[in-house]
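Following the hints, position chain B against chain A.
Chains as they are written, first to last, in our numbering: chain A, 32 to 403; chain B, 3 to 233.
What the hints contain is simulated information worked out from the structure, not anything from laboratory work.
Residues from chain B that keep clear of chain A, each with C-beta distances beyond 12 Å, as calculated:
hint	residue
1	Asn136
2	Gly137
3	Ala186
4	Arg187
5	Phe209
6	Asp212
7	Leu218
8	Pro222
Here are the simulated lysine-lysine pairs, DSS-like style, with alpha carbons at most 25 Å apart:
hint	chain 1	residue 1	chain 2	residue 2
9	A	Lys268	A	Lys169
10	A	Lys268	B	Lys75
11	A	Lys267	B	Lys75
12	B	Lys75	A	Lys169
Each pair of labels, with its calculated beta carbon distance range:
hint	chain 1	residue 1	chain 2	residue 2	range
13	B	Pro216	A	Phe323	41 to 47 Å
14	B	Pro216	A	Gln93	38 to 44 Å
15	B	Pro216	A	Glu188	44 to 50 Å
16	B	Asp150	A	Leu72	33 to 39 Å
17	B	Leu71	A	Ala104	20 to 26 Å
18	A	Gln123	B	Pro92	33 to 39 Å
19	A	Ser287	B	Glu213	54 to 60 Å
20	B	Glu113	A	Gly360	23 to 29 Å
21	B	Gln124	A	Tyr190	20 to 26 Å
22	A	Pro295	B	Thr62	24 to 30 Å
23	B	Pro226	A	Ala293	46 to 52 Å
24	A	Gln356	B	Pro226	14 to 20 Å
25	B	Arg76	A	Leu72	27 to 33 Å
26	B	Leu71	A	Gly124	45 to 51 Å
These numbers were taken from a predicted model, which means no experiment stands behind them. Quick reminder that beta carbons are idealized off the backbone N, C-alpha and C, glycines included.
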Amino acid sequence: MKTSNPLVRTAPLVLVVIAALLLQGQTIYFPMIFKGSPAPLYSTSYYIQNGDPAKMYDLGCQLGMHDASTPGAQDSLVVLDFGKMWIFNNNQGNTTIGVRTFGDPNNGGARQNLSIADLEIRAQNFASGYWVCSANDKASQLTLGIGTNTFDFFNQENYAQDNLRAIMADFGRNWANMVNRLNAWGTTTGYNLQILFTGAIDIEWAGADPTDGLYYWQSPYVVRGWVDAFDGSDNKKSIFFNFGACVGCPTTPSLSWVYTSALPWTQQDIWYVSWGSQPAFAVPEIYRNDGFLARQWAAVSKAGSLYFGSRIIFSGAMTQMVACQQRGGTECNTLDNTPSEGWEQLYGAVNAETFTAQPFLQYSTDIKWQFK
Amino acid sequence: MKNWSKKIPGVLIAAAALILLAVMVKILSAPQSSPAAGPAWVENNVQALQATLTVSNNPTEEAFIQSKLDLLKRIQATSAGALQNVPEKPADVCAFRPTALPTPQRTPGVEQFTPELYEDLQGKLNSRWQAEVNGQWVTVLAGTVYTDPPQAALWVFVENTADGGVMPAPQAAGMLQITSADQARLTLRDEAGTIFYFDVAGRAFVFSPDEIVPTLAPQPTNTPTAEICPP
Chain A
32 MKTSNPLVRT APLVLVVIAA LLLQGQTIYF PMIFKGSPAP LYSTSYYIQN
82 GDPAKMYDLG CQLGMHDAST PGAQDSLVVL DFGKMWIFNN NQGNTTIGVR
132 TFGDPNNGGA RQNLSIADLE IRAQNFASGY WVCSANDKAS QLTLGIGTNT
182 FDFFNQENYA QDNLRAIMAD FGRNWANMVN RLNAWGTTTG YNLQILFTGA
232 IDIEWAGADP TDGLYYWQSP YVVRGWVDAF DGSDNKKSIF FNFGACVGCP
282 TTPSLSWVYT SALPWTQQDI WYVSWGSQPA FAVPEIYRND GFLARQWAAV
332 SKAGSLYFGS RIIFSGAMTQ MVACQQRGGT ECNTLDNTPS EGWEQLYGAV
382 NAETFTAQPF LQYSTDIKWQ FK
Chain B
3 MKNWSKKIPG VLIAAAALIL LAVMVKILSA PQSSPAAGPA WVENNVQALQ
53 ATLTVSNNPT EEAFIQSKLD LLKRIQATSA GALQNVPEKP ADVCAFRPTA
103 LPTPQRTPGV EQFTPELYED LQGKLNSRWQ AEVNGQWVTV LAGTVYTDPP
153 QAALWVFVEN TADGGVMPAP QAAGMLQITS ADQARLTLRD EAGTIFYFDV
203 AGRAFVFSPD EIVPTLAPQP TNTPTAEICP P
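Bound conformation, chain A alone (with noise of 0.2 Å):
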């Protein structure tokens, strides 16, 4: 019987192999699987109320230990939201454009009020806890969010929305270039190693101010001017996040939904704003507990997949868990859900259909008052 020893049958694929691996490059891709991914570990997002440049070291600090502290390379998004944009006189009596901080309840609820100067300094100061108190951990990334909203009319007085559209565009100017000196100071400081600096504004709308009937929020017109501004003064080289709710909107794509004639916010607009926009991307807010606001927000990605050129791709969710626990309220009833609830929801809502599909969400941050 004609035998053949097994390492002579075997060794030709034995070359083969050999051979392969000698011809391909040095790289192997394998494929990621992100099918049921856990959420990740959430980040802790500010409300400031006191933007104490010690107080703002201490933040990035505690954020730095944390990191430090906890096995493997991090990767977090943290908002700082200073409040409303803001013009105001400062202390030489120039006016100056800025915003003016939540108030504080350890000093009679007093709102402060920071010039751009002063967030750039804020979030240096953020930044400089981080990285000093992240210690030997030189892996966990940062990113930060130098946040604030569409609410209020800057402390003017002309509603018109032509004005308010130009004031909100030096806002967007003025954003764009902080944030591109701070990324240009990281690069100096080797601090952009673990950090990136952003943009962030919490876009919403809402209904008449029953007191006087005017309409705090901003319209898509006068909101689309920060965004234009700032990619137009970003050098391409500088990304906001938007991190707002989609008020009133469809859970399925819809061209003929508007919010309200006053405030005409469209899924077009919403997409725009959130991704539409060259710089833009999208931390929502997902605060309800039965998914609501995911669905929304899978309806305006699907409205980008099937009209507008292209689904959202989010870069995480936002949750309000512990301010909840600091304030509490009846909104809290339904609305504090949990950072990796908030997650799964948008995760799921967006992967529940092909049109919305993102196989990797990045980011859960959950936001909380500075003091209560």
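Leaving out everything else, chain B in the frame of chain A:
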């Protein structure tokens, strides 16, 4: 023939060993494959977009996502330049901490201000009172809370405790304003001109300036968090 075939395994093993050796030498002598230029956050963003590109079958969408990818890669390239010269981190976590600003001086008493929307309190406010009550610093703000329908209301904050919250005054019309205070008894006026009183220590609206209400026990102060950089 038989002898020759017996030698084949040895020859093949030797050849395989030589090839394996060559591969190892090549791998080890090659320059370290550098990680993607720039920080990893960009890489993760890029992965997210690329992962979606693999499931998209719409050329318009693919071009759109590609333009976003190009933006991220520009950021990546821009930030790659400084990575060679990263300074050592100081051992002292407080080394770079800026000096804290002076704590604002708090003046006890009533203060009126231009009515302003407080988006965080979901209302419009026009006045405040603050003072120490039973050893705790208390702030009361007045205005209208945007319930449906809106109601005159006060907001109470007790520093460094879980105490406080919004206190609607359904009996009042429009905005409530703090006009004066006698110790911790506030005098309030609504938009119809009606006068009300609020007892801060008892957290209660009262009908006359001398009505007596029980004082609430102070709530415990929050556990202080450890200071990262003690003063």
